[in-house]
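Just so you know, we're using my numbering here: the sequence shown kicks off at 1 and counts up by one.
There may be inaccurate statements among the hints.
[Said to hold, decoys possible] Capping the alpha-carbon separation at 27 Å, the derived lysine-lysine pairs in DSS-like fashion look like this: (1) K73 <-> K24; (2) K184 <-> K148; (3) K146 <-> K73; (4) K76 <-> K145; (5) K448 <-> K363; (6) K311 <-> K351; (7) K71 <-> K24; (8) K184 <-> K77; (9) K191 <-> K351; (10) K66 <-> K77; (11) K191 <-> K66; (12) K437 <-> K363; (13) K191 <-> K28; (14) K311 <-> K146; (15) K145 <-> K24; (16) K146 <-> K71.
Calculated from the structure, these hints are not laboratory results.
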Amino acid sequence: MLFNSIAFAAFLPVIFILYWFVTKENLKFQNILLLAASYYFYACWDYRFLFLLIFSTLLDYYTGIKMFEAKGKGSKKFWLWLSIGINLGFLGIFKYYNFFAESFAESLSLLGFKTSFWSLSVILPVGISFYTFHGLSYVIDIYYKKIKPERNFIEYSVFVSFFPLLVAGPIERATHLLPQIKVKRKFHYEKAVDGVRQMLWGFFKKMVIADNCAVYVNDIFAHSSTYSGSTLALGVLLFTFQIYCDFSGYSDIAIGTGKLFDIELMRNFAFPYFSRDIAEFWRRWHISLSSWFRDYVYIPLGGSKVSIGKKIRNTFIIFLLSGLWHGANWTFIVWGFINAVYFLPLLLTNKNRSNLNVIAEGKILPGFTELRKLIFTFLITNLAWVFFRSDSLHQAFEIIAKIFSYSLISPLNVKGSSTVFVLILILVLVEWFNRDKQHALQFDTDTKPYVRYAAYFLVAFGIVFLQGKQLGFIYFQF
1 MLFNSIAFAA FLPVIFILYW FVTKENLKFQ NILLLAASYY FYACWDYRFL FLLIFSTLLD
61 YYTGIKMFEA KGKGSKKFWL WLSIGINLGF LGIFKYYNFF AESFAESLSL LGFKTSFWSL
121 SVILPVGISF YTFHGLSYVI DIYYKKIKPE RNFIEYSVFV SFFPLLVAGP IERATHLLPQ
181 IKVKRKFHYE KAVDGVRQML WGFFKKMVIA DNCAVYVNDI FAHSSTYSGS TLALGVLLFT
241 FQIYCDFSGY SDIAIGTGKL FDIELMRNFA FPYFSRDIAE FWRRWHISLS SWFRDYVYIP
301 LGGSKVSIGK KIRNTFIIFL LSGLWHGANW TFIVWGFINA VYFLPLLLTN KNRSNLNVIA
361 EGKILPGFTE LRKLIFTFLI TNLAWVFFRS DSLHQAFEII AKIFSYSLIS PLNVKGSSTV
421 FVLILILVLV EWFNRDKQHA LQFDTDTKPY VRYAAYFLVA FGIVFLQGKQ LGFIYFQF
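Build the full structure now, drawing on both the sequences and the hints.
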């Protein structure tokens with residue numbers, strides 16, 4: 001069930017009405033309803049994989065309790081690694097088996113050994129990377145005594161499978177989401193209205209910006225060998241906005257939906273293309289995944305409080321893992337490697353936390369230095385996205401070679417893209433003037449009503465009349 005579908009437009013109001021008017025704010029009934037709605041939502045994708053979600057939930061629920069009750073450290077480690085091993089085992093089978101088997105066979109062939117491998121014809125269960133990481137953070141937090149295990153299976157199940165975040169995040173933590181599921185929730189008009197605003201902007205980003213960009217991006221990358229450097233550069237630029245609007249649009253809809261049920265989900269994007277260096281970009285892009293790898297991989301490895309050699313090692317580990325998390329292809333691993341190379345100079349010179357405030361804070365426009373840094377960060381991010389979007393390393397290097405050739409100044413071979421650029425300009429302007437907010441349609445309390453309603457009308461008008469062809473969300477494949 002896509003957020004941008006008629007089915008969801010019918011599903012959400014029904015659940016909302018049942019949640020607030022039928023359950024009468026009874027916590028037990030509300031949680032049962034959310035769990036049933038979440039399982040139905042997931043089953044709409046492919047009911048055959050519902051068992052995998054339930055099994056993963058049961059596994060972490062049970063191992064969390066057994067780990068907490070274990071007397072010795074060895075026993076605690078056994079239950080921890082049992083959960084981690086099985087979770088990552090399922091993830092490896094469904095998502096990575098064919099990739100690693102094929103790569104191993106190719107490596108042997110380079111050494112002169114001919115071999116074949118068994119490939120698995122399996123469908124990647126939607127959302128498996130997200131709900132697996134929900135469960136892993138839960139059992140790891142229990143092991144390190146940050147939380148106690150949840151004894152109520154319904155409440156724990158809602159934490160794992162809450163439908164707005166189930167298939168594409170944000171990747172929630174038990175320390176943040178479980179306490180909200182365990183306490184009585186009440187309807188707050190202001191929160192619900194803000195949630196609808198955030199959803200509205202999310203739909204605009206997905207349906208108007210991302211889906212319109214996709215038309216050009218898909219064609220340019222599908223026929224990259226026939227296009228000049230200028231057209232390929234245009235395709236990369238449009239993909240840069242497509243992936244941002246597609247994924248952050250999903251996150252806005254998910255977070256806004258959570259607010260309708262008095263549940264606050266963690267922020268996942270903070271206007272990342274207004275970053276002044278790559279470290280700031282990664283603090284603002286896919287925040288829930290970046291912070292997950294920071295807390296559960298980078299810091300346990302020693303973080304930056306180690307020798308220079310280990311700092312470099314730790315940086316490459318988390319960025320390569322981030323690349324691999326996105327997909328079973330060398331293009332994603334190289335994308336992660338490139339971002340590690342970008343990040344290292346900042347880390348080694350202790351400048352990775354230089355830009356913690358909002359760009360041009362308190363001003364309308366940035367100064368020359370900030371603007372220069374913003375443009376440079378945006379351009380190198382574009383370059384890395386080439387690998388993320390390409391089907392193979394060969395295609396990625398071919399595209400980059402053409403972009404850095406004389407054909408970069410050749411005439412564009414794309415028609416009708418001016419409308420998309422106008423829409424992108426509107427997006428950039430709206431988000432720039434609201435860059436200090438949680439989302440672009442968040443208004444100050446003193447904002448005039450006619451300003452708010454005019455904004456709602458214009459955004460809704462764009463969604464209805466300017467939307468592109470309905471497409472799935474890019475991050476469903478991860």
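Quick rundown of the hints versus the structure:
1. K73 <-> K24: violated, 45 Å
2. K184 <-> K148: Holds. K184 to K148 sits at ~20 Å (cutoff 27 Å).
3. K146 <-> K73: Since the Cα atoms of K146 and K73 sit roughly 16 Å apart, the hinted pair holds (cutoff 27 Å).
4. K76 <-> K145: holds, 11 Å
5. K448 <-> K363: Holds, because 22 Å separates the two Cα atoms, which is no more than 27 Å.
6. K311 <-> K351: It holds: about 14 Å lies between the C-alpha atoms, which stays within 27 Å.
7. K71 <-> K24: violated, 42 Å
8. K184 <-> K77: Answer violated: K184 to K77 is near 35 Å, above 27 Å.
9. K191 <-> K351: violated, 37 Å
10. K66 <-> K77: holds, 11 Å
11. K191 <-> K66: With Cα atoms ~38 Å apart, K191 and K66 exceed 27 Å; violated.
12. K437 <-> K363: holds, 14 Å
13. K191 <-> K28: holds, 22 Å
14. K311 <-> K146: holds, 26 Å
15. K145 <-> K24: Outside the cut-off at roughly 35 Å; violated.
16. K146 <-> K71: holds, 17 Å
Hint compliance for this structure: hints 1, 7, 8, 9, 11, 15 are broken, all remaining hints hold.
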